Amino acid sequence: MFTEEALDIISINFWNILIALCNLLIMFFVLRKVFYNPVKKVMDERKNDIDKQYENARNTQKEADAAKTLWQEKCDNAENEAQKIIDAAKEKAQKQSDGIILDAKENADALIRSANASIEIERKKASADIKSEIADVSAAIAEKVLGREINEEDHKDLIDSFIDEIEADNDK
Amino acid sequence: MTKRKPGFIIVDILYLSIAILPLLFGMALKIFTNPAESGISIHGARIFFKAPFILGGIVITETQINSLVAMLFILGMALFLTHGISKIPNTKRQFIAEWAVSKVEGLVGENMGQSFMNLVPFIMAILSLSAVSSLLTLIGIYPPTCDVNTIAGWALTVILFIEYYRFKCGPWGFIKSFLEPLPPLAPLNLIGEVATPFAMTLRHFGNVLSGSIIGALIAAFTAYVSKTVFGALPGILSEIPFFQIGIPAFLSLYFDLFSGCLQAFIFSMLAMLNISSAFDADGFEKRRAKREAKLKLAASQNSK
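As they're listed, the protein sequences go chains A and B.
Quick note, the first sequence lines up with residues 562 to 733 if you use my numbering.
Quick note, the second sequence lines up with residues 1459 to 1762 if you use my numbering.
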């Protein structure tokens, strides 16, 4: 089977060209089936995975940002609200204390007024008592001085005017 | 790395043997069938089998055997690299596989555009076949790229793709592409069309052939020089070709390793450029839009 023959350095043979052509085409299909498609599939799968993960990460970041701003707003609102509540409470307390003080003042004024009134009454009563006492005494003195009996009823007007004059003098 | 299951390792060994055993077979074939040579002998592939047939007869040579070796090697490596591939990489080889895929994809995307992404495995096939075939010289067996028939076959495959993409714009687009930029220039376009596979074939073939010829010349030259310089030494010392140690190996680093990879890259680059220049993307888009509009119109008429 083996011969010692060799081809010339350039020898064209149609069938050998055809064989080489078929070899290259076979290699093309074999490499596509065995090498390129599996590797490409794996690479594409991985690329899709990575893209998906990036997408997920982006979405999560967005959600987190939204939640953050929401909480920030809520925190700010809460502060404002607390301030409002405190202010309202302060106002209420102020009003209440003002009311209480006003009531107390009114009460005190009323008390003072009633006390003054009762004092006045007492004073009037006392002065009336004194008046009648003085009238009695002065009538007795006058009886002794005049030597006759003085009818208290007759001289009442005179005595009263006298006492009033004394009072006016006292008041000055 | 996690500890692998024994089944995984057995499949690994199987795939690696698909890649390695053909290489050993090729080396054995070379050793057992190569007659002893003396002096400079530059010839083509050794013939293993010959049968009379139409169109010059079927000739099976080292080229065909070694092409098969290279293909099996690529297949084994592809299987090995993609074995145990998963979404979350847990093998080092997956990085190599993904690196290769993304590199070729980048190359195709840059030179051809996104509409040619289904040609990425084809470019991979050209690159790997050409590079591995040229690098077969490193283990001492005949590189199939040194045979003009191999390269011609590849160039014709590229032409098949070129014409396929040219025809994608319709029969009228196919004819019109030859009439550009002016109708009288059609013969020149035709000549250019025919010249493309010749140019691609001869560029690649010439580079590999010149490399192997220079390699043979240097081997003979260093043997001659060491014979003249050290021939006066007594006994067996005069028989040792001292200059053949190191120098040819160093030069083959360029001619085999670097040039082999470079020619593979250039060939695939030319294939990409020729295919993408044959495809009129705008015309194709227009044609498709028109066809879709027609389909829509037909559908709306049917619904009425």
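Be a bit skeptical, because a hint or two may be false.
As the list claims (entries may be wrong) - Examples of chain B residues toward chain A, derived with CB under 7 angstroms: (1) 1522; (2) 1542; (3) 1548; (4) 1551; (5) 1554; (6) 1555; (7) 1569; (8) 1582; (9) 1614; (10) 1617; (11) 1621; (12) 1654.
Stated by the list, open to error - Okay, derived cross-link-like pairs now, BS3-like style, lysine-lysine, Cα gap no bigger than 27 angstroms in a straight line: (13) B:1626 to A:601; (14) B:1754 to A:601; (15) B:1626 to A:613; (16) A:608 to B:1545; (17) B:1550 to A:608; (18) A:601 to B:1545; (19) A:608 to B:1561; (20) A:594 to B:1752.
The set of hints was computed from the structure by calculation and includes no laboratory data.
Note that the structure is a prediction, hence the values are computed from the model and not measured.
Glycine included, each C-beta is placed from N, C-alpha and C at the ideal position.
Using Cβ atoms only, decide whether residue 1614 (chain B) comes closer than 7 angstroms to chain A, and label the hint accordingly. 5 angstroms, holds
Taking the closest Cβ pair, is residue 1555 (chain B) under 7 angstroms from chain A? Constraint on residue 1555 (chain B) satisfied, holds at 5 angstroms.
Can the hint on residue 1551 (chain B) be confirmed by a CB-to-CB distance to chain A that is less than 7 angstroms? 11 angstroms, violated
Verify the interface restraint on residue 1569 (chain B): the C-beta must sit less than 7 angstroms from at least one C-beta of chain A. This interface hint is violated because 17 angstroms lies over the 7 angstroms limit.
Residue hint residue 1542 (chain B), partner chain A, criterion CB-CB below 7 angstroms: Where the cut-off is 7 angstroms and the nearest Cβ of chain A is about 11 angstroms from residue 1542 (chain B), the hint is violated.
Please verify whether residue 1550 (chain B) and residue 608 (chain A) have alpha carbons no more than 27 angstroms apart. Distance of about 19 angstroms is within 27 angstroms: holds.
Interface hint compliance - residue 1582 (chain B) to chain A, C-beta minimum distance less than 7 angstroms: 5 angstroms, holds
Holds or violated: residue 1626 (chain B) and residue 613 (chain A), Cα atoms, limit 27 angstroms. 36 angstroms, violated
Do the alpha carbons of residue 594 (chain A) and residue 1752 (chain B) lie within 27 angstroms of each other, as the hint requires? 35 angstroms, violated
Need the status of pair residue 601 (chain A), residue 1545 (chain B): alpha-carbon distance at most 27 angstroms? Between residue 601 (chain A) and residue 1545 (chain B) the Cα gap is close to 11 angstroms, so the pair holds against 27 angstroms.
Hinted pair residue 1754 (chain B) and residue 601 (chain A), Cα distance within 27 angstroms: 34 angstroms, violated
Next item in the hint list is residue 1522 (chain B). Is there a CB on chain A closer than 7 angstroms to its CB? With a closest approach of 6 angstroms, the residue 1522 (chain B) hint holds.
Of the hints listed earlier, those the structure fails to meet are numbers 2, 3, 4, 5, 7, 10, 11, 12, 14, 15, 20, in rising order.
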